[in-house]
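Chemist: If you read the sequences in order, they're chains A and B.
Position 402 of the first sequence, counting from 1, maps to 402 under the UniProt record's numbering, and the rest follow consecutively.
Position 476 of the second sequence, counting from 1, maps to 476 under the UniProt record's numbering, and the rest follow consecutively.
One or more hints might be untrue.
Which copy? The list can't say, so a pair holds if one copy fits it or any two copies do.
Said to hold, decoys possible - Only pairs whose alpha carbons sit at most 20 angstroms apart, straight line, appear in this in silico EDC-like list of lysine to aspartate or glutamate:
{"no.": "1", "residue 1": "Lys413", "residue 2": "Glu281"}
{"no.": "2", "residue 1": "Lys303", "residue 2": "Glu418"}
{"no.": "3", "residue 1": "Lys60", "residue 2": "Asp116"}
{"no.": "4", "residue 1": "Lys100", "residue 2": "Glu252"}
{"no.": "5", "residue 1": "Lys143", "residue 2": "Glu467"}
{"no.": "6", "residue 1": "Lys386", "residue 2": "Asp374"}
{"no.": "7", "residue 1": "Lys436", "residue 2": "Glu310"}
{"no.": "8", "residue 1": "Lys118", "residue 2": "Glu170"}
For the record, the hints were derived by calculation from the structure and aren't laboratory data.
All values reported here derive from a predicted model rather than from experimental measurement.
Here's the letter readout for the chains.
There are 2 protein chains.
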Amino acid sequence: MADKVELQDEIKTQGEVVRKLKAEKASKEQIDEEVAKLLQLKAQLGGDEGKHVFVLKTAKGSRDYNPKQMAIREKVFNIIVGCFKRHGAETIDTPVFELKETLTGKYGEDSKLIYDLKDQGGELLSLRYDLTVPFARYLAMTKITNIKRYHIAKVYRRDNPAMTRGRYREFYQCDFDIAGQYDAMIPDAECLKIVYEILSELDLGDFRIKVNDRRILDGMFAVCGVPDEKFRTICSTVDKLDKMAWEDVKREMVIEKGLSEEVADRIGEYVSMQGGKDLAERLLQDPKLSQNKQACAGLTDMKLLFSYLELFQVTDKVVFDLSLARGLDYYTGVIYEAILSQTIQAPVSKPSEQNGVEEAGTSVGSVAGGGRYDGLVGMFDPKGRKVPCVGVSIGIERIFSIMEQKAEASSEKVRTTETQVLVASAQKNLLEDRLKLTSELWNAGIKAEVLYKKNPKLLRQLQHCEETGIPLVAILGEQELSDGVVKLRDVASREEASHFNKRFLNKGCVT
Amino acid sequence: MADKVELQDEIKTQGEVVRKLKAEKASKEQIDEEVAKLLQLKAQLGGDEGKHVFVLKTAKGSRDYNPKQMAIREKVFNIIVGCFKRHGAETIDTPVFELKETLTGKYGEDSKLIYDLKDQGGELLSLRYDLTVPFARYLAMTKITNIKRYHIAKVYRRDNPAMTRGRYREFYQCDFDIAGQYDAMIPDAECLKIVYEILSELDLGDFRIKVNDRRILDGMFAVCGVPDEKFRTICSTVDKLDKMAWEDVKREMVIEKGLSEEVADRIGEYVSMQGGKDLAERLLQDPKLSQNKQACAGLTDMKLLFSYLELFQVTDKVVFDLSLARGLDYYTGVIYEAILSQTIQAPVSKPSEQNGVEEAGTSVGSVAGGGRYDGLVGMFDPKGRKVPCVGVSIGIERIFSIMEQKAEASSEKVRTTETQVLVASAQKNLLEDRLKLTSELWNAGIKAEVLYKKNPKLLRQLQHCEETGIPLVAILGEQELSDGVVKLRDVASREEASHFNKRFLNKGCVT
Numbered sequence: 001m002a003d004k005v006e007l008q009d010e011i012k013t014q015g016e017v018v019r020k021l022k023a024e025k026a027s028k029e030q031i032d033e034e035v036a037k038l039l040q041l042k043a044q045l046g047g048d049e050g051k052h053v054f055v056l057k058t059a060k061g062s063r064d065y066n067p068k069q070m071a072i073r074e075k076v077f078n079i080i081v082g083c084f085k086r087h088g089a090e091t092i093d094t095p096v097f098e099l100k101e102t103l104t105g106k107y108g109e110d111s112k113l114i115y116d117l118k119d120q121g122g123e124l125l126s127l128r129y130d131l132t133v134p135f136a137r138y139l140a141m142t143k144i145t146n147i148k149r150y151h152i153a154k155v156y157r158r159d160n161p162a163m164t165r166g167r168y169r170e171f172y173q174c175d176f177d178i179a180g181q182y183d184a185m186i187p188d189a190e191c192l193k194i195v196y197e198i199l200s201e202l203d204l205g206d207f208r209i210k211v212n213d214r215r216i217l218d219g220m221f222a223v224c225g226v227p228d229e230k231f232r233t234i235c236s237t238v239d240k241l242d243k244m245a246w247e248d249v250k251r252e253m254v255i256e257k258g259l260s261e262e263v264a265d266r267i268g269e270y271v272s273m274q275g276g277k278d279l280a281e282r283l284l285q286d287p288k289l290s291q292n293k294q295a296c297a298g299l300t301d302m303k304l305l306f307s308y309l310e311l312f313q314v315t316d317k318v319v320f321d322l323s324l325a326r327g328l329d330y331y332t333g334v335i336y337e338a339i340l341s342q343t344i345q346a347p348v349s350k351p352s353e354q355n356g357v358e359e360a361g362t363s364v365g366s367v368a369g370g371g372r373y374d375g376l377v378g379m380f381d382p383k384g385r386k387v388p389c390v391g392v393s394i395g396i397e398r399i400f401s402i403m404e405q406k407a408e409a410s411s412e413k414v415r416t417t418e419t420q421v422l423v424a425s426a427q428k429n430l431l432e433d434r435l436k437l438t439s440e441l442w443n444a445g446i447k448a449e450v451l452y453k454k455n456p457k458l459l460r461q462l463q464h465c466e467e468t469g470i471p472l473v474a475i476l477g478e479q480e481l482s483d484g485v486v487k488l489r490d491v492a493s494r495e496e497a498s499h500f501n502k503r504f505l506n507k508g509c510v511t
Numbered sequence: 001m002a003d004k005v006e007l008q009d010e011i012k013t014q015g016e017v018v019r020k021l022k023a024e025k026a027s028k029e030q031i032d033e034e035v036a037k038l039l040q041l042k043a044q045l046g047g048d049e050g051k052h053v054f055v056l057k058t059a060k061g062s063r064d065y066n067p068k069q070m071a072i073r074e075k076v077f078n079i080i081v082g083c084f085k086r087h088g089a090e091t092i093d094t095p096v097f098e099l100k101e102t103l104t105g106k107y108g109e110d111s112k113l114i115y116d117l118k119d120q121g122g123e124l125l126s127l128r129y130d131l132t133v134p135f136a137r138y139l140a141m142t143k144i145t146n147i148k149r150y151h152i153a154k155v156y157r158r159d160n161p162a163m164t165r166g167r168y169r170e171f172y173q174c175d176f177d178i179a180g181q182y183d184a185m186i187p188d189a190e191c192l193k194i195v196y197e198i199l200s201e202l203d204l205g206d207f208r209i210k211v212n213d214r215r216i217l218d219g220m221f222a223v224c225g226v227p228d229e230k231f232r233t234i235c236s237t238v239d240k241l242d243k244m245a246w247e248d249v250k251r252e253m254v255i256e257k258g259l260s261e262e263v264a265d266r267i268g269e270y271v272s273m274q275g276g277k278d279l280a281e282r283l284l285q286d287p288k289l290s291q292n293k294q295a296c297a298g299l300t301d302m303k304l305l306f307s308y309l310e311l312f313q314v315t316d317k318v319v320f321d322l323s324l325a326r327g328l329d330y331y332t333g334v335i336y337e338a339i340l341s342q343t344i345q346a347p348v349s350k351p352s353e354q355n356g357v358e359e360a361g362t363s364v365g366s367v368a369g370g371g372r373y374d375g376l377v378g379m380f381d382p383k384g385r386k387v388p389c390v391g392v393s394i395g396i397e398r399i400f401s402i403m404e405q406k407a408e409a410s411s412e413k414v415r416t417t418e419t420q421v422l423v424a425s426a427q428k429n430l431l432e433d434r435l436k437l438t439s440e441l442w443n444a445g446i447k448a449e450v451l452y453k454k455n456p457k458l459l460r461q462l463q464h465c466e467e468t469g470i471p472l473v474a475i476l477g478e479q480e481l482s483d484g485v486v487k488l489r490d491v492a493s494r495e496e497a498s499h500f501n502k503r504f505l506n507k508g509c510v511t
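So that you can see chain A by itself, here it is in the shape it has in the complex (with noise of 0.2 angstroms):
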């Protein structure tokens, strides 16, 4: 008993600990912003020297894409729009602004990070904090039942970013959704086949992807016996299995939650449950989750899931996981997460407490995530008509990070344009000769620089195809113009040409 209330008393302590250095970090936070907008006002009102000063920075938690990052991002998105338009989706967009009242209610605790735009009169608007909820707005209003379509766009979360671990205030998601009445599991398994030739085709080393149901967590929690007003706290709690100890768990499911160590452990049994087909077969003998009807339908719908993902060969990477549990309300169904199985050396993105909202990486190497969500379009309707969807979103600035880390650590340059030739001289008084050319091969469809000096050295012409990758160089000069030729240089092994000879520029095509 003494242990017991010395216990309580240390948690009471450590609490106050927490909370001190909350409000102090807190407040630090404050400080800090609040040093930015007296400076950016004193920017604004004019130095001493009369002479206006400017905060040149981007907006905190922002950040600007160099053509670098954008050559990586383009590649990136090829691959994965090519994987989408495989699959037959449609794509649409949506305002970067919604109605303040669209997303009120949606986000729970999380509603806090939302942008709002300053009431200039006119209506209250708020940025879009994710694109599901657009989305669902989307068929609501359009009344649209059947659709599979993608979305990659940017959205907005007043969120601590922390931009060295690739966190940031506006990030790109890359959503891609299947709504429509249809039979079980089956658009639920092509959200999975999506995800594995997505995170093959990128080459980002060996993955895995954890596959769960929102009935099959609810039902355990029930035959465990958790009383309904704590599933959802709870669930949160299994949540941090892939980040904490099973007994670390169990302490916050006991201490903080008010558990009893019977029901904990009850939960640690299921929790630690791997498989695939045989695990969902196996539980639905089980004889206490066979009792619940709620854990019988998403084990039944289970066990189809496997079946069709052995048709679409992906099972070696998927596993029946009952300790993931994503913190999303909204997900009715099957839920699953996609984790690398090497850690990169990347920046990490890792997640706010209650962050469990759509974005993808919510843990440590999680790459992408998603679910069922049966109910969300209902909550749009004026007459509540539900519009099943099942979807899933791709962490892709994780994805860029560790891209992008790729690109650093190999000896390849990226190459940030796709210039095929550039069209140099040798000799003086030449530049009309240049731009005629170059405007012939730009005609033909042929990509073509030119420098835009009058005379520039041939030396300084190289460089920059050196610099920037072009493969080609085509040479003008008195010579070559009186016999109605042109040289043609490879850059990279200096092998020359006399003559425009198709095959020969075909080197410099980069399709």
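Following the hints, complete the assembly by docking chain B onto the known chain A.
Modeler: What follows is chain B alone, placed relative to chain A:
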């Protein structure tokens, strides 16, 4: 004398009426917006029934893009980006919001149209108003002095939307700029070549590109006797010549802006002039203009520009037009604007009165515009270092509208997916075989779909092909399965082949 007084009185009366009408319009606007806000708040508080009622809409002046619009948008972007890449351009991206003060003092009167974010603690932010100011901020911040970049992104203006005429509060801009200290007019000529290529390739009908120079305009005003402090305001009156007759423009100069009749008439003589290189040469001999240093510099450059445009073979569409006077304050040299000759029946992007800023569509039919702005980057650089820039903005929203209208008028259906083949079956219980074959096609890089039903009717499957334009259907049946073949049908011709013939399948290729 009495006539003049009468006239002045009439003008006064008319002014009153206009002011009154404007006030009424503004207050109607305001009332509408206040009502919308109240309705929104009411909805947020919840209705009497205790059921939450959503206002199911996008924010005023914004819209969703449906899959068909996105397909057209993608096609347009591909052509434009293809051209930018052919010219060796890189791309960058900047955040959707900037520090409020970054935008301060860049847009004159139009600053009131900037969207501000709510002060939720931290920095004061605004949504970007164009892509040029963020580009200049980026150059100053990164100290980059040479770059050829394009940037396609959405910008935000709290303008009164005229959505039926294709004007929105959220819309795309599509900018190409060349920054760097180069020999005169070479990059400027390339910008015009790019406009020529893009408009030709988009196939929007005949077009003209008007060219002028800020220095020629200023020189002209000076030699005509316009006082220095009236240059800008007279410039904006001249800018109306594409929408108003000379008589009305003259009246505005004389009556509203207080020029003398003689000065106005002298301007009138110049602004009626159009031509090419010859006109520049002639004006260099003009007894008055040739005395003005600014005008001479501008005319000499204009002559040089045309000699480069000849090499680029674009002079058939380019005209030196002394009436072109784009509103933007920051232009320092050559300016240009492209106009479609034929007014296609399409929503017309009518500009607001003060709006000369960066939006390409500043006159009816205008689809691109730009010019040289050598001072803007210096406004951001702490040491005022200048980076000369020249660029062009493609009026992409107007082009979308025209392309949408064209698609609407054409009998050809716009495909929103690229699916090559639908995997179907005529018999029941073949779901697993359909899924397996579909997966094999995906793995082979073929764009394939399968209906998410256990036993869909063949007719339903063929309908899906017709509705979405899928050219081929792979039909599975017991017979085919036991023979180890697949029946492949061309949806349009109903031609069939009973095995997987690669050449046949290639018909479905969309690329």
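Chemist: Determine which of the earlier numbered hints do not hold for this structure and return their numbers in increasing order.
Modeler: Going through the list in order, the structure violates hints 1, 2 and 4 and respects the others.
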